[in-house]
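Q: When you get a sec, could you build the whole thing from the sequences and use the hints?
Protein chains in written order, with UniProt numbering: chain A, 1 to 277; chain B, 1 to 277; chain C, 1 to 277; chain D, 1 to 277.
Everything labelled a hint here was simulated from the structure, so no lab data went into it. The C-beta atom is built at its ideal place from N, Cα and C for all residues, glycine as well. Please note: incorrect hints may appear among the correct ones.
Stated by the list, open to error - For lysine-lysine, the following DSS-like pairs were computed, each having C-alpha atoms within a straight-line distance of at most 25 Å:
1. Lys26/A / Lys82/B
2. Lys82/D / Lys204/D
3. Lys90/B / Lys127/C
What the hints assert, rightly or not - Which stretches of chain D does chain B cover? Using the computed rule of at least three CB atoms under 8 Å from a CB of chain B, they are:
4. 24-33
5. 179-193
6. 232-244
Protein chains: 4
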Amino acid sequence: MEKKVLLVECPDSKGLIAQITNICYKHQLNIIRNTEFVDPDSGVFFMRTQLEGIFNDQTLLWDLDHALPNGSKRQLIAQGKKRVVILVTKEAHCLGDILMKVYDGSLPLDIAAVVGNHPELQSLSEKFELPYHWVSHLHKSREQHEAELQQVIDSYQPDYLVLAKFMRVLSPAFVAAYKGRIINIHHSFLPAFIGANPYHQAHKRGVKIIGATAHFVTDDLDEGPIIKQLVTPVDHTYSASDMVKAGRDVEKNVLSKALQLVLEDRVFVCGNKTVIL
Amino acid sequence: MEKKVLLVECPDSKGLIAQITNICYKHQLNIIRNTEFVDPDSGVFFMRTQLEGIFNDQTLLWDLDHALPNGSKRQLIAQGKKRVVILVTKEAHCLGDILMKVYDGSLPLDIAAVVGNHPELQSLSEKFELPYHWVSHLHKSREQHEAELQQVIDSYQPDYLVLAKFMRVLSPAFVAAYKGRIINIHHSFLPAFIGANPYHQAHKRGVKIIGATAHFVTDDLDEGPIIKQLVTPVDHTYSASDMVKAGRDVEKNVLSKALQLVLEDRVFVCGNKTVIL
Amino acid sequence: MEKKVLLVECPDSKGLIAQITNICYKHQLNIIRNTEFVDPDSGVFFMRTQLEGIFNDQTLLWDLDHALPNGSKRQLIAQGKKRVVILVTKEAHCLGDILMKVYDGSLPLDIAAVVGNHPELQSLSEKFELPYHWVSHLHKSREQHEAELQQVIDSYQPDYLVLAKFMRVLSPAFVAAYKGRIINIHHSFLPAFIGANPYHQAHKRGVKIIGATAHFVTDDLDEGPIIKQLVTPVDHTYSASDMVKAGRDVEKNVLSKALQLVLEDRVFVCGNKTVIL
Amino acid sequence: MEKKVLLVECPDSKGLIAQITNICYKHQLNIIRNTEFVDPDSGVFFMRTQLEGIFNDQTLLWDLDHALPNGSKRQLIAQGKKRVVILVTKEAHCLGDILMKVYDGSLPLDIAAVVGNHPELQSLSEKFELPYHWVSHLHKSREQHEAELQQVIDSYQPDYLVLAKFMRVLSPAFVAAYKGRIINIHHSFLPAFIGANPYHQAHKRGVKIIGATAHFVTDDLDEGPIIKQLVTPVDHTYSASDMVKAGRDVEKNVLSKALQLVLEDRVFVCGNKTVIL
Chain A
1 MEKKVLLVEC PDSKGLIAQI TNICYKHQLN IIRNTEFVDP DSGVFFMRTQ
51 LEGIFNDQTL LWDLDHALPN GSKRQLIAQG KKRVVILVTK EAHCLGDILM
101 KVYDGSLPLD IAAVVGNHPE LQSLSEKFEL PYHWVSHLHK SREQHEAELQ
151 QVIDSYQPDY LVLAKFMRVL SPAFVAAYKG RIINIHHSFL PAFIGANPYH
201 QAHKRGVKII GATAHFVTDD LDEGPIIKQL VTPVDHTYSA SDMVKAGRDV
251 EKNVLSKALQ LVLEDRVFVC GNKTVIL
Chain B
1 MEKKVLLVEC PDSKGLIAQI TNICYKHQLN IIRNTEFVDP DSGVFFMRTQ
51 LEGIFNDQTL LWDLDHALPN GSKRQLIAQG KKRVVILVTK EAHCLGDILM
101 KVYDGSLPLD IAAVVGNHPE LQSLSEKFEL PYHWVSHLHK SREQHEAELQ
151 QVIDSYQPDY LVLAKFMRVL SPAFVAAYKG RIINIHHSFL PAFIGANPYH
201 QAHKRGVKII GATAHFVTDD LDEGPIIKQL VTPVDHTYSA SDMVKAGRDV
251 EKNVLSKALQ LVLEDRVFVC GNKTVIL
Chain C
1 MEKKVLLVEC PDSKGLIAQI TNICYKHQLN IIRNTEFVDP DSGVFFMRTQ
51 LEGIFNDQTL LWDLDHALPN GSKRQLIAQG KKRVVILVTK EAHCLGDILM
101 KVYDGSLPLD IAAVVGNHPE LQSLSEKFEL PYHWVSHLHK SREQHEAELQ
151 QVIDSYQPDY LVLAKFMRVL SPAFVAAYKG RIINIHHSFL PAFIGANPYH
201 QAHKRGVKII GATAHFVTDD LDEGPIIKQL VTPVDHTYSA SDMVKAGRDV
251 EKNVLSKALQ LVLEDRVFVC GNKTVIL
Chain D
1 MEKKVLLVEC PDSKGLIAQI TNICYKHQLN IIRNTEFVDP DSGVFFMRTQ
51 LEGIFNDQTL LWDLDHALPN GSKRQLIAQG KKRVVILVTK EAHCLGDILM
101 KVYDGSLPLD IAAVVGNHPE LQSLSEKFEL PYHWVSHLHK SREQHEAELQ
151 QVIDSYQPDY LVLAKFMRVL SPAFVAAYKG RIINIHHSFL PAFIGANPYH
201 QAHKRGVKII GATAHFVTDD LDEGPIIKQL VTPVDHTYSA SDMVKAGRDV
251 EKNVLSKALQ LVLEDRVFVC GNKTVIL
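A: Structure follows, in structure tokens:
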């Protein structure tokens, strides 16, 4: 018996759950878990169904396509590891946490390669037998640098790009090339402290809690759909660099939790938000 | 258009979601939200469906009864406030929080009466125009005291009893009379520190976090199905009585959150656990 | 034996702790707890010392004044309840939580009066035998309204003003009249969502955590020194009004925790931040 | 200018802070931070003073010894990395997190070696150029196994032993050999679920929060002084093995936070508790 996940996204109408689950029943598939949500603002219906049984993908999708309203999207996803390329700059903690979680089996991920605009993390990547590509941005236009990045990335055909403290702003063209497939960690509790040096901003403002945000990347810097946020308390004894250090655990934890959700096909994008089923 | 909640609990089998949602669809009812869970240990299927439409309860339940397997339980619950009797001893914070939340509309609850084995909370109850019954346990056997409590409680025909820091151990007979309908707050992070003086036990052990647990009451003291738990950090500067004080906010917050879940018909009991849909 | 708290704030220099604790020792006072902090940016030394013994305030302060550098501030505060006036608009939960905590002895506070720009909370205040002043802002200039508020407030000579969801922006003149003595609860995790309707902003942005902030009021709206922040997780199923409701517990908890800190004379203001000893 | 930490532990008496800080002042040392605590049960005074200046250790300690009451302990600790030996069994996450934190500079630790009773973590240790000693317990008495462990450990003369999911119960003799210097991570929120298979116990009990506890090891299994505890919420959808997985992040986070506290010389043992200054 196989396990697959069915994702459906369509305009809401009465009877959708009955129709979809009927088709699954007709196909003798067992529903292990089913979750759905209707976004009240857009009227979009989202459903995620974990199925178990013997699949005939073609007829199942055919049946669904005939039952669902126009404008529906549906996907039937076989179990298996997603393939990612990780982009980094110099900081090791987010990359390191992902490497360790893949190493000990906590994150069911296939890391195709690590790409950095600096050479610092080559050694760490190679400890885990991963190809590391140093694609420097120095003396290159953004276009040229991104073209080089894309060439390396595309050679691995990843499902997702993970920006694990990749400290470069990406152009709309680059973002468009991987639409909905770039996951970033921003080192603040968005929308507080957008932009550069969030911990210094937080220190200056005297906040008592700091945080980090994992989100999909869109054209607007730090404005994409939020997947996960975590926080940690701080106090007056924290310097800005103490906050940076305290933030590392939050950053790596929030990124790996967001990855976990994405890898389990639980994250839908709904306008500028996420629906997590 | 009315809103109702359908609760189903039955042995798991293939096609249950399809069957139930089909019946809803046949009745022209719109599913606002649907959640289900199969307990892998017992093989019991639980489902909670929020419905909207014009209800014909009798035919809907008839259809369900013919579709569901033997041994199924189903309930169709109209929106409306649950009726509770609150039992107290001397401490005001849990009662006070419920009174305030009912007062400001946060908890959709109908408090029928407050019953205390001490007179201390009469004045607070009466501020909120609630009948208060002082049923002292002094110079009475447990049986006699509980018989008096039952007489008062039953005169109000409550849906639930809420033990808001009611510091008396209840007999199996009493518990049986309100099976599955008594909600207690225990002032520890169960199963740590079962029994008396949990904060003193916690202080003695030098824990760095304390908590509180809202649970259904069963025959075994502090052993019933847990509905909700919350915690708060403490440190070496906390005396046992500082812990008592810090615990008050946790206790009141966990009790009102548990009540909220129960009032929304989201809590199923599954063996000695809860399933919260 | 009495207990008092000594607060010192002065330019940092070597030997300050020794000098101050020597003076306490010379006065045969026992130090129950001592905490200090030097702000590295401003070079200001803050110290809070809980003392026990027989106090001769005049000679103790004389000795301190001769030992401490120019520009020092020191205060010797006898134990006792602070006197507050609470300002409200229509929402009951923050006021109600303070009332309940004073009622059950959790907050050692003397509530002199409640002042509202609407009549809604009169009944609640009077349940707890508190004078309520309805000072409507309708058909009045801000100056006129604030003059009326001040007249009522000043008749009670409070130590602190507590804005318990008082939904009016205060003028610099009003703030100056109670400099460093106005505590506000802002219904967001500042500096995210400054200004109006923070929960609607948060909902629109799709955040996964919401929060509330207790702070001292300064001329800049929502920009004063932060005393305490708390957060609570939310998800895609929360409407803006669900967030409002979820936020109520956070708001009341953060406000009463901030009050607790202020009442224990633990909060120093350091530029636009707080130092909490 | 050097930085050192002075730790004092002695019977409480009036004037201790003044005496100690006077001596520091006399030695022209600047106090960067000073924290103290008197345990009300035992009457023991604890103080930690971060000092900066030019140190004459011998005369400073001589002065302290003459000022402090009989039975005092004092230590003057130069800045520098502590040396640890890490003991492991098969699980990689706690070891991996420490390795990564040392690698990226978050934990100022000198890992002398990793010792395992299984060979599984050799490869991981060697990625980070650390000696790994496989000391199997098979076909050996506990005494014999511990004698072999001690031989390996003592060859490195570590300051602390870190049990990073080392799944062997240690004998009193072994514990005594490293008194107060063994830090363990227990995979439950102690004192709940002492002993074996805590996640299975937690799952069976239906708790809504799980946790982990870092503590010093004493003769009584899982009963030593607690350094740090952390928790994470779970729900009915978690199987016991989901709890195991969710617990990993808590375990590694609590262990590295406890290590951080110990490395900064902030943890005193007071009876069966810790005082963290």
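Q: Are any of the numbered hints broken by this structure? If so, which, sorted upward?
A: Going through the list in order, the structure violates hints 1, 2, 4 and respects the others.
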